[in-house]
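Combine both chains into one complex, guided by the hints.
Chain by chain, the residues:
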Amino acid sequence: MTSPSRPAHKRLPRRNRRKTSAIRSVTVFGGVVLLLFLVLFPFYWMVTASIKNFREISIERTLVPREVTFKNYVDLFEQTSILWHLFNTAWISCFVTFVTIILASMSAYVLTRFLTPTAEWIARISLYAYMVPSIVLIIPFYIGLRMAGLVNTHAGLILSYLSFTLPLGIWMMRACFQTIPKTMEEAAVVDGANRFEAFFLIAMPQALPGVVSTAIFVFILCWGEYLYPVVLINSDRLRTITITLDALTGGGQNIKFGLLMAASTVATVPILLIFLVLQKHLVRGFAAGGYE
Amino acid sequence: MAFSSAKSARRDRRAPRLKFRDERIFYYVALGPTAVVIAFVIALPIIYTFGLGFFVQNTLIRTWRFVGLSNYIDLLTDADFWFAFWNGIVFTVGSTAVATVFGLAIAILLDCNFRGRGPLRALVIFPYIVPSIVVAFIWKFIFSGRGILNDFLGFIGAQAVSVPWLGDQRFAMMAVVLISAWTWFPFAAITLLAAIQNVPDSIYEAAALDGAGPAKRFIHLTLPLLAPALMVVVLIRAIWAFRNYDMIWLLTEGGPIGATEVLPIMAYKEAFGLFRMGHASAVSVSLMVFVTLLAAVHFRVGARLRKAYDTS
Chain A
3 MTSPSRPAHK
13 RLPRRNRRKT
23 SAIRSVTVFG
33 GVVLLLFLVL
43 FPFYWMVTAS
53 IKNFREISIE
63 RTLVPREVTF
73 KNYVDLFEQT
83 SILWHLFNTA
93 WISCFVTFVT
103 IILASMSAYV
113 LTRFLTPTAE
123 WIARISLYAY
133 MVPSIVLIIP
143 FYIGLRMAGL
153 VNTHAGLILS
163 YLSFTLPLGI
173 WMMRACFQTI
183 PKTMEEAAVV
193 DGANRFEAFF
203 LIAMPQALPG
213 VVSTAIFVFI
223 LCWGEYLYPV
233 VLINSDRLRT
243 ITITLDALTG
253 GGQNIKFGLL
263 MAASTVATVP
273 ILLIFLVLQK
283 HLVRGFAAGG
293 YE
Chain B
140 MAFSSAKSAR
150 RDRRAPRLKF
160 RDERIFYYVA
170 LGPTAVVIAF
180 VIALPIIYTF
190 GLGFFVQNTL
200 IRTWRFVGLS
210 NYIDLLTDAD
220 FWFAFWNGIV
230 FTVGSTAVAT
240 VFGLAIAILL
250 DCNFRGRGPL
260 RALVIFPYIV
270 PSIVVAFIWK
280 FIFSGRGILN
290 DFLGFIGAQA
300 VSVPWLGDQR
310 FAMMAVVLIS
320 AWTWFPFAAI
330 TLLAAIQNVP
340 DSIYEAAALD
350 GAGPAKRFIH
360 LTLPLLAPAL
370 MVVVLIRAIW
380 AFRNYDMIWL
390 LTEGGPIGAT
400 EVLPIMAYKE
410 AFGLFRMGHA
420 SAVSVSLMVF
430 VTLLAAVHFR
440 VGARLRKAYD
450 TS
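Each protein sequence line maps, in turn, to chains A and B. Following this note's numbering, the numbering of the first sequence begins with 3 at its first residue and continues without gaps. Following this note's numbering, the numbering of the second sequence begins with 140 at its first residue and continues without gaps.
Hints were generated in silico from the structure; no laboratory data involved. Mixed in with the good hints, there may be bad ones.
Some, not all, of what chain A presents toward chain B, calculated at C-beta under 8 Å [unchecked claim]:
{"id": "1", "residue": "V30"}
{"id": "2", "residue": "L168"}
{"id": "3", "residue": "A269"}
Covered, in the sense of this in silico footprint (three residues per stretch, anywhere, with C-beta under 8 Å from a C-beta of chain A), are these stretches of chain B [to be verified]:
{"id": "4", "stretch": "178–190"}
{"id": "5", "stretch": "256–268"}
{"id": "6", "stretch": "277–286"}
{"id": "7", "stretch": "409–421"}
Note that CB positions come from ideal geometry on N, CA and C, so glycine has one too.
Same shape as in the complex, but just chain B (with noise of 0.2 Å):
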């Protein structure tokens, strides 16, 4: 979208509609304010941490010392932070995934024909729609060793279970991915039921009558013409995940031992429990560079997206 526009903006510039003065005092009048906002808690926010990552700086002892670029040799020397790297990676590539194939499914049922199924559409939304602190509490509470997952695993099992999901090493990050896949489906759900949608029943009648079965269709028609919803979900998705702070926060706090901790949780350690913000700054530049990454692919592919699906 920013691209189409970027395109129309070049051809009007040559011919700027701001040719009356009212014109001209409505638009600094609806856009200065946001300007100034968007300067003050965005633009300078970016730009000073970007600045602070080349700085040692303590604010329990309020030191500034200016280091280069030495924050940033210490971290890609450091084998925590490839690692909570690593974890970030594991956690946006899980949790998207599941989100993802999940939301399919259920964007798939939804478009079926059944009684309830206009509430039903709404209900879906709910988990989305709770606070992640509430839904973080929920699931530790199911997951807890002494939780009612554990005893529904007893149940089918016939051994009592008593995983401490969340706090167990080898299960932690499985736990805290189908957690946020839990809040996050929704969306993807949502989007891919109105692309489905789009799709004009026609084709699939004429499939139906070529003698396509379920199956068929699902592969050779669904999901080619799901694509660049698909696309758009999964983008959005994982750099959502990959820059999310609070549901892991507080489902783990990045443990056990490290074992969930992503970026995001590594940059607020060390801001808010060492105070050293200048690290936490360097910390948080890469996180930016590769969410800023992962937006570039998105702006992109969605743009092309649009243009090689702009026929209706």
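If we strip away everything but chain A, and leave its shape as in the complex, we get (with noise of 0.2 Å):
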């Protein structure tokens, strides 16, 4: 797993290399296996439970299971209408990134270019308001939406999420046309481009990296919202995932860990691929949106 050989600025004089290279090389491998362990386990366990029998779950509570049973998932689709609640939230998630990407590349492009005072506040507000406790919309959401009778409907929620996926885009976009220079846009003004030739034509393409790390937070935000669905949806035909695994609880104390589980995991798969196919500009995503 390690490997001895180290930068070359870390070089030590001669004679102590080997003796800590040594100690080097067991400190970095220990290491690595206790966050391998510390990131994995939570996920193995999730998994292993969701195919272990009621016995291996809650008694036994056996490491490998020892019979494999499908039994949570079949019980999960039947009692639930879980692969509605899915596509539900697959929809509204990937509608709202479509929305907030295309008002926030827009506005963040202007708030990088033309530094105007309301510029400057839009800047300021959308700041600020990825900071502001969503408890704090929650009530005014609840209230005004219901007055608009779009409580209870997709419309609302997708409404509420723009609240927090907005200011997030606009700030990560931001930091995005921050990094890419002006003058090819300015030459094209001069040759007679106007603005939205400019901006379509020779800023977008080269955000676009930031395009795609961007639209990924945003979706994985909306994917794993919890409280906005829970005050805003009732009826279970209009359900999010979140609440689907919410209901599952029941509220009582003695929940069924491999129900809970199965869907957990169910939960988890779209993110996963998210993960795997576009880890690279998740990691980006992550220098640039949360650097600032």
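Below you can see the structure in the form of structure tokens.
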């Protein structure tokens, strides 16, 4: 797992090198093993619990399932309309991501290119809005959407999602446009292109990696959102996946962990797919969104 | 960032770059929809909550009564409010500290050279992107009275343990802090890793040549050079921890006996358990005041640090 070769800049005087490098490799190896265990074990435990029978989950608590059963999954698909909820979550998340990307990339572009007082205020508000507790917004959303007849609709839910995706989108896209030099656009404008052309044909193609990272983060946030759907949606047909999971606990003390872990696994699979396919963009998005 | 752009904007204000008509059209087309959406889903709701804090309003019996500051006076004299506030501080400090220290260790580990480093760097992100409800359920399962953690502790200590960690008043907060730190450490790890990689290698080389050991290099070089990034990580994490609602709610619902009740949970229970919207608004406004203070510190410190370290 580890290799004793280390970067040139950390090389020590020759005498100590062999001893310290041995200690070092062992430490690094131990650290890696510990980290892998800490990150992976909870997921291992989730997946294995979902294919164990009740005895093995609650009484024997076997580390490796002795008998594989898919009863939990069968129960899950029979007792809940989880496929329908997955579909709801997917389309809402995709739609919100789409709207967020369009609004955020245009406004973030303006915020980096036209430094007017209004633009400045929008930048500040969106930066601040990202930190506003969602609990502050949920009460007016609930009351306002009820007045507008949008409680218990996907439209209302989508509106409420924009309250956190849009600030994040503007934030990340702004960081992205700041790294793109203005000179090419300015040259194009001088050559007779208008701003629309400069934005769509010159700036956006360069911003594409940033768009992908932003879209992934927005989608992931929407996928796992809990507070808004739990308050704003009450009919089973309109539920999102987080509420499916929430409803399975039933509020009682006797939680059926097998069923719950099966549902958790199902809810994690799309995120896992995104992670496997797009991890490069994820790591980069992390740097862009987090470092500000 | 907000502040640095504010400065350059002030410089440019005298010569706005909107000379041409199509520039102006673009400006309004691009910024208009966002401004409208932000006004409706962020600005108006915040103002509404502020206003609602001065009323007694019950959605069930549909009453509106202006009561001035009495909601706030109720709160400030309510021991439960201060207890929830204190819990929020414990949770924030605890989870931020654990996530940052652990994240720093992981960042240093991931900076070392070993095979499989690339995939591991990506893998570390995973706990952060999994839905919080899934994280909460997995750990609820692991930490339950008859869960694997107790088996493990029993195995080490050679005697049976059956503490329901999340259901025990003494341990619930600690368990919630650790679980939150588990899902938040990737943020610290990846951000700090980027900062470590920005440190020029020549500095370490020089220190090593001068005979500084690894521990010395860590304390006298790595830490001071990482200070700005650490500061940013701690502040952002603290803001998010203090406003966090779903993780604690899903793990304990604020219990047992209020042991993990924080301000967002208090506001939620007031609003959607008791339907006392005015009271709930007062709680969330006070929450927002604290978060705003933290955010102001974050902006200030961020701007100052950027100025101080903006040499590259």
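Hints versus structure:
1. V30: The hint holds - V30/A has a Cβ within 8 Å of chain B, the shortest such distance being about 5 Å.
2. L168: Hint holds; L168/A Cβ to chain B Cβ min 6 Å, cut 8 Å.
3. A269: 6 Å, holds
4. 178–190: With 9 residues close enough to chain A, the hint holds.
5. 256–268: This one holds; 9 residues, not fewer than the three required, reach chain A with a Cβ under 8 Å.
6. 277–286: That given contact holds, which follows from 8 residues of the stretch 277–286 of chain B lying within Cβ reach (below 8 Å) of chain A.
7. 409–421: That given contact holds, which follows from 5 residues of the stretch 409–421 of chain B lying within Cβ reach (below 8 Å) of chain A.
Checked against the numbered hints given earlier, this structure breaks none of them.
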